[in-house]
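Visitor: Now for the letters of each chain:
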Amino acid sequence: MISGIYYTSYEQDMALRKTPAQRIRLAILILLLLSFPFFASRYYLTLANQIGIAVIGAIGLNILVGYTGQISLGQGAFMAVGAYTAGILTAHYGVPWWASIPVAALFTALVGTFFGLPSLRLKGLYLAIATLAAQVIILWIVTHWKAVTGGVEALVVPTPKLFGVKMNTDFNFYWVIWGTAVLITIMTVNLFRTHYGRAFVAIRDQDIAASVMGIDLFRYKLLAFAISSFVVGLAGALLAHYRTIVNWERFTMDVSVTYLAMIIIGGLGSVTGSYLGAAFMTLLPALITNLGRAMKASFPAIEGLIPFIQLAIFGLVIIIFLIFESEGLNKIWKDIKDYFRLWPFSY
Amino acid sequence: MQRGFSSQLNSSSLRPGELQLSVEHLQLNFGGVTALLGVDLQIRQGEIFAIIGPNGAGKTSLLNCISGLYHPQRGRILFYHNGEHDLTHLRPHQIARLGVARTFQNIELFRHMTVLDNLLAGAHIHMKSNLLASLIYWGMAQREQIQFRRFIEDIIELLEIQAIRNKVVATLPYGLQKRVELGRALALRPAILLLDEPMAGMNTEEKEDMARFILDVNEEYGVTIVLIEHDMGVVMDISDRVAVLNFGQKIAEGTPDEVRNNPLVIEAYLGEEHAALLSRPFSKS
Ligand SMILES: Nc1ncnc2c1ncn2[C@@H]1O[C@H](COP(=O)(O)OP(=O)(O)OP(=O)(O)O)[C@@H](O)[C@H]1O
Ligand SMILES: [Mg+2]
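Chains B and F supply the protein sequences, listed in that same order. Counting in the numbering used here, the first sequence runs from 538 upward without gaps. Counting in the numbering used here, the second sequence runs from 2 upward without gaps.
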């Protein structure tokens with residue numbers, strides 16, 4: 538709670554960042570984001586790009602699961618739709634890479650809306666199973682429609698170029714990824730300041746009351762699927778042009794589960810949480826791998842075990858969050874901020 | 002107290018006393034259970050119309066039919082607001098758009114939202130900015146949000162919940178939650194307001210507050226109120242007319258005095274604690 542600060546107009550009161558501390562924090566963050574590529578090594582730049590794509594994917598999933606309460610296990614498949622659409626448009630039809638990205642996102646929105654239709658009748662776990670069907674069906678199509686997707690072999694996408702400059706270097710694509718991430722962040726935050734976002738949250742909290750307040754459940758559930766899949770498709774499309782190779786193995790059920798873990802650990806129904814979860818779930822495996830390598834000298838057997846250790850730690854972390862901090866890292870972050878807001882007068 | 006609402010609270014197009022809601026021969030079954038059996042009601046603009054009856058009489062079911070959550074097997078529900086509307090086969094959100102607002106017997110707020118957001122969500126049907134404008138926010142959507150924020154502040158003032166406007170609803174005590182739920186229904190700018198036991202589980206003071214708010218909304222803004230309530234004292238005090246349901250049938254209707262002295266009603270309540278309450282002397286405040 539902020540106390541002692543009074544707002545003189547609704548405009549001020551409704552602003553997102555009300556205190557100087559909040560604005561300064563944002564400014565520092567932006568500065569960091571802008572300067573990072575200039576001093577980071579290639580390794581960290583790659584990580585930053587991975588996090589950026591994960592952030593976009595996590596925000597997309599959070600809109601559907603965290604904010605609207607519609608559980609989805611189809612994340613991997615929807616990313617695949619984005620990636621393959623973008624890849625195919627550029628590789629087979631010569632569409633410029635930058636144009637293929639929004640088109641792919643739109644197409645993913647369409648597919649997502651279609652697979653969102655069961656949400657009109659199903660809730661909770663039943664809906665989760667229905668979206669699992671989306672995951673299975675889409676991956677089946679991707680691996681079997683050889684003529685278009687390349688089947689189980691990877692689809693190779695031409696190198697993205699802008700004015701003759703190769704774009705898929707870590708440095709250049711950093712701007713594409715993080716530019717998109719910032720844009721999506723702003724739009725998502727805005728969405729949840731208006732009646733659209735409120736309708737989503739209302740449906741999550743109490744769908745019957747929502748309908749009685751005049752919210753068309755049909756329309757808004759499908760809209761949540763559409764917007765969510767648009768953003769998820771965007772993440773997939775970016776991945777396609779960043780890697781210049783699209784491989785079905787990157788979009789399996791594991792991916793769906795990993796993204797769910799991301800938003801649970803980060804914080805359901807929170808944009809900040811999507812950032813924290815995406816960073817955490819990208820950095821943790823990297824950290825484990827590095828640790829494993831470092832320990833290889835003394836424990837040679839450890840290298841083969843790394844994937845299993847990763848899985849075990851993931852599982853453990855998710856369980857810990859579910860039990861002890863169901864609001865995720867975002868809650869911890871908030872607690873820290875609250876502590877320092879009153880600092881040094883807190884006790 | 003100054004109560005200059007920046008927007009109109011009551012959206013009814015009717016003049017006081019005109020027929021607003023007509024329930025005709027309503028019948029509703031759940032498998033073998035008959036919840037409503039040939040119920041007829043006529044509710045007029047501007048009145049406080051109470052529906053009473055023992056537990057399981059079908060009161061909530063009736064409200065659920067009106068707001069489109071249940072669909073009756075027989076009969077129909079007509080609503081007058083810029084013409085005649087048959088509500089019987091409409092979906093809940095379509096009925097809400099005509100100005101039918103309600104609260105629930107067991108509070109059904111958006112638990113993780115703040116009080117402000119709950120009330121703003123109540124005004125959903127009036128918000129017009131499209132998706133693109135909302136994503137951009139700056140400009141049109143922002144203007145709209147500020148305009149509604151003003152309207153919501155008027156409701157907050159009316160219900161005296163200024164101190165809790167930024168609190169998350171789930172953290173509030175029961176009595177305040179009931180009040181917030183009334184506020185959310187008011188934010189819809191109701192033409193008619195359906196209240197399902199708004200005072201259940203409250204202490205005397207909270208009940209008095211709630212009764213005062215209901216009377217305010219009715220008397221100052223002319224909002225029609227359909228009130229289900231078990232507390233006979235309150236019902237007899239504030240209602241203009243009362244209908245009594247028993248086993249899904251309407252067994253009596255009239256002014257509080259008429260209903261109180263109706264032998265059928267006394268019989269329906271016999272053996273219940275309410276019998277004593279019914280015979281209590283009342284004074285219209
Ligand atoms: N969704 C439902 N499914 C099956 N039966 C129902 C349903 N809703 C209500 N009923 C039945 O219909 C009858 C009327 O119930 P209703 O809830 O309308 O009573 P009520 O008058 O509101 O009672 P109370 O004073 O306890 O709230 C009861 O027998 C109830 O069991
Ligand atoms: Mg009831």
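There's no promise every hint is true.
[Claimed, not checked] Here are the simulated DMTMM-like cross-link-like pairs (lysine to aspartate or glutamate), alpha carbons at most 25 Å apart as the crow flies:
1. F:K168 / B:D791
2. B:K868 / B:D550
3. F:K129 / B:E862
4. B:K555 / F:E158
5. F:K168 / B:D742
6. B:K555 / F:E145
7. F:K168 / B:E690
Just so you know, these hints were derived from the structure itself, not from any lab. Quick caveat, the model's predicted, so the values are computed rather than measured.
Visitor: Tell me if the straight-line CA distance from K168 of chain F to E690 of chain B falls inside 25 Å.
Guide: Roughly 54 Å between the alpha carbons, so the hint for K168 of chain F and E690 of chain B is violated.
Visitor: Can you confirm whether the C-alpha distance between K168 of chain F and D742 of chain B stays at or below 25 Å?
Guide: The given pair, whose Cα atoms are some 16 Å apart, holds under the 25 Å limit.
Visitor: Verify the proposed pairing of K129 of chain F with E862 of chain B, using a straight-line Cα cut of 25 Å.
Guide: This hinted pair is violated, its Cα atoms lying about 38 Å apart.
Visitor: Is K555 of chain B close enough to E158 of chain F, meaning Cα to Cα at most 25 Å?
Guide: Roughly 24 Å between the alpha carbons, so the hint for K555 of chain B and E158 of chain F holds.
Visitor: Take the C-alpha atoms of K868 of chain B and D550 of chain B, compute the straight-line distance between them, and say whether it is at most 25 Å.
Guide: holds (22 Å)
Visitor: K555 of chain B and E145 of chain F: Cα distance at most 25 Å?
Guide: holds (20 Å)
Visitor: Given the hint that K168 of chain F pairs with D791 of chain B, test it: the Cα-Cα distance must not exceed 25 Å.
Guide: Outside the cut-off at roughly 38 Å; violated.
In terms of the numbered hints stated before, the structure departs from hints 1, 3 and 7, listed from lowest to highest.
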